[in-house]
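Protein chains: 2
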Amino acid sequence: MDRPTIILVSAQMGENIGTAARAMLNCGLTDLRLVGPRDGWPNVKAERAAVGAFEMMQPVRVFDTTEQACADLTYVYATSARDRKMVKPVVTARFAAGEARAKIAAGGKVGFMFGAERMGLLNDDVALADALLTVPLNPEFTSLNLAQAVLLVGYEWYQSGDATPPSQMDMNGTELATKDQVYAFFAHFERELDACGFLRNEAARPNMVRNLRNMWSRAQLTEQEVRTLHGVVKELTTLRVPRK
Amino acid sequence: MDRPTIILVSAQMGENIGTAARAMLNCGLTDLRLVGPRDGWPNVKAERAAVGAFEMMQPVRVFDTTEQACADLTYVYATSARDRKMVKPVVTARFAAGEARAKIAAGGKVGFMFGAERMGLLNDDVALADALLTVPLNPEFTSLNLAQAVLLVGYEWYQSGDATPPSQMDMNGTELATKDQVYAFFAHFERELDACGFLRNEAARPNMVRNLRNMWSRAQLTEQEVRTLHGVVKELTTLRVPRK
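For the protein sequence lines, the chains are A and B, in the order given.
When we follow UniProt numbering, the leftmost residue of the first sequence carries the number 1, and every step to the right adds one.
When we follow UniProt numbering, the leftmost residue of the second sequence carries the number 1, and every step to the right adds one.
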């Protein structure tokens with residue numbers, strides 16, 4: 001088991017179990033455990049709300065007690081939106097995700113525990129966990145539904161192991177222009193700007209040229225775009241008629 | 001305007017607009033703009049699904065075109081789950097959040113644009129934006145509903161400006177024990193372990209003592225807990241009867 005377990009304690013509505021399962025699978029989590037689901041298990045509303053998610057997950061396991069659901073785990077986070085008046089580590093979802101990944105890499109088995117829709121976890125459940133997990137959100141409007149809470153915890157788990165470049169240029173199969181191609185366009189563009197008189201102010205010319213070159217540079221032109229721009233300048237200058 | 005705008009283009013179901021509004025407010029976002037909502041505006045289902053969120057937000061503005069909805073913005077992210085075959089920067093939600101915060105701090109006005117429930121944004125809408133934003137998630141199960149997509153983008157925005165300590169001990173009004181209090185307990189505990197014979201193996205004793213001290217140290221005992229443990233050891237030793 002190289003991924004954390006999700007434990008829903010006393011979940012009330014089957015639909016919420018289903019949408020929580022979807023949120024889990026969105027984040028690559030597949031081990032769902034239920035402690036005393038109010039409406040029993042299996043649950044038709046859960047199946048319907050999951051829209052196929054359960055088929056891609058491990059079989060859901062149902063337990064009578066939180067102790068049993070956590071029995072094989074080595075570290076358990078109890079999620080909570082409120083202070084529990086307990087002496088306990090309190091971590092953000094982001095910190096927990098990185099910490100959980102380290103614990104699992106070291107051979108641990110980690111679980112994230114969520115309480116019932118309205119009440120959250122009982123303090124006795126929280127006392128069975130190693131740390132409290134809170135999601136920093138607008139303190140004036142914190143209400144999250146169960147699936148959203150699972151989604152944010154799962155999202156952080158997924159990000160903690162994801163290698164997507166934070167920012168990249170989608171080249172769509174094209175190539176960035178080389179600098180000699182870009183500079184050749186600068187030369188063509190500025191020659192035409194000189195010819196039409198746009199750069200006639202000798203004092204201002206160096207700064208104007210630099211500004212225009214900076215503008216084109218920021219655009220990170222492709223080879224194709226440089227060819228297009230040559231064509232644009234050529235057509236504009238060819239068709240130009242003297243102004244009145 | 002010190003926070004980004006959310007733009008929902010061609011949202012179909014009022015309920016989704018309402019839950020998206022809730023997700024926005026969870027993350028402290030209050031400027032919602034709609035482009036051509038299918039079922040018109042205002043919308044009773046949206047009001048109902050928002051459960052009071054709209055009252056805490058700026059008035060929702062409705063526009064005929066994406067151009068109009070973005071008119072006063074200076075940087076727009078188009079959210080998309082799929083490749084658009086365009087030469088365009090592609091950023092993660094996390095990167096976008098930090099970048100957006102920097103742009104806003106520099107006086108910019110930033111928007112995050114979301115498309116219709118099934119189709120997402122049209123390519124013509126994407127071409128009006130500065131960058132594509134994608135949320136890295138399980139590629140085998142990516143389906144997010146509109147409110148969840150808004151929640152993840154908003155969540156990252158909120159985190160990028162949040163100062164919650166990633167990990168802290170909730171002391172619940174108690175004080176951590178000072179080291180002299182902890183060491184006094186070590187002495188009491190080890191004295192009793194010597195007395196009862198638990199540490200009788202002279203060769204093993206130093207290592208056993210270190211291990212036990214490490215165990216207590218990891219627990220980060222409070223003053224009250226040290227007092228409780230003194231009492232526990234005292235009671236256990238007082239009441240102990242000789243084993244058969």
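The reader is advised that the hints may include incorrect statements.
One copy or two, it doesn't matter: identical chains are merged, so the pair holds either way.
To be verified - Subject to a maximum C-alpha distance of 25 Å in a straight line, what follows is the list of computed PhoX-like cross-link-like pairs (lysine-lysine):
id: 1; residue 1: K88; residue 2: K179
id: 2; residue 1: K234; residue 2: K45
id: 3; residue 1: K234; residue 2: K179
id: 4; residue 1: K85; residue 2: K234
id: 5; residue 1: K103; residue 2: K45
id: 6; residue 1: K85; residue 2: K179
id: 7; residue 1: K109; residue 2: K234
id: 8; residue 1: K88; residue 2: K109
id: 9; residue 1: K234; residue 2: K103
id: 10; residue 1: K88; residue 2: K103
id: 11; residue 1: K103; residue 2: K179
id: 12; residue 1: K109; residue 2: K179
id: 13; residue 1: K45; residue 2: K179
id: 14; residue 1: K109; residue 2: K45
Worth flagging that the hints you see were computed from the coordinates, not collected in a lab.
Just so you know, these numbers come straight off a predicted model, no measurement behind them.
- prompt: How would you label the pair K109, K234 (within, between, both, or neither) given a Cα cut-off of 25 Å?
  reply: Neither. Shortest intra-copy (66 Å) and inter-copy (36 Å) distances fail the 25 Å Cα cut-off.
- prompt: Checking K88 and K109: alpha-carbon separation at most 25 Å within a copy, between copies, both or neither?
  reply: within (20 Å within a copy, 41 Å between copies)
task: Using 25 Å as the alpha carbon limit, work out where K109 and K179 are close: within a copy, between copies, both or neither.
output: neither (52 Å within a copy, 32 Å between copies)
- prompt: Between copies, within a copy, both or neither: which fits K103 and K45 at Cα up to 25 Å?
  reply: Neither: 35 Å inside a copy, 45 Å across copies.
query: For the identical chains here, do K234 and K103 meet the 25 Å Cα criterion within one copy, between copies, both, or neither?
result: neither (63 Å within a copy, 36 Å between copies)
Within, between, both or neither, where K103 and K179 count as close if Cα-Cα is 25 Å or less: neither (48 Å within a copy, 28 Å between copies)
- request: Check K88 against K179 for me: Cα-Cα at most 25 Å, and say if that holds within a copy, between copies, both or neither.
  value: The answer is between: 19 Å across copies meets 25 Å, while 58 Å in one copy does not.
task: Up to 25 Å between alpha-carbons, please classify K45 paired with K179: within, between, both or neither.
output: Answer is neither: 60 Å inside a copy and 55 Å across each miss the 25 Å cutoff.
- prompt: Given a CA cutoff of 25 Å, do K85 and K179 count as a within-copy pair, a between-copy pair, both, or neither?
  reply: between (62 Å within a copy, 24 Å between copies)
- prompt: How would you label the pair K109, K45 (within, between, both, or neither) given a Cα cut-off of 25 Å?
  reply: Neither. Shortest intra-copy (30 Å) and inter-copy (43 Å) distances fail the 25 Å Cα cut-off.
message: One pair to classify: K88 and K103, alpha carbons no more than 25 Å apart. Within, between, both, or neither?
response: Within. Shortest intra-copy distance 18 Å satisfies the 25 Å Cα cut-off; inter-copy 38 Å does not.
Identical-chain pair category, K234 with K45, by Cα at 25 Å: So K234 and K45 fail the 25 Å test inside a copy (65 Å) and across (55 Å) alike.
Violated hints for the displayed structure, listed by number in ascending order: 2, 4, 5, 7, 9, 11, 12, 13, 14.
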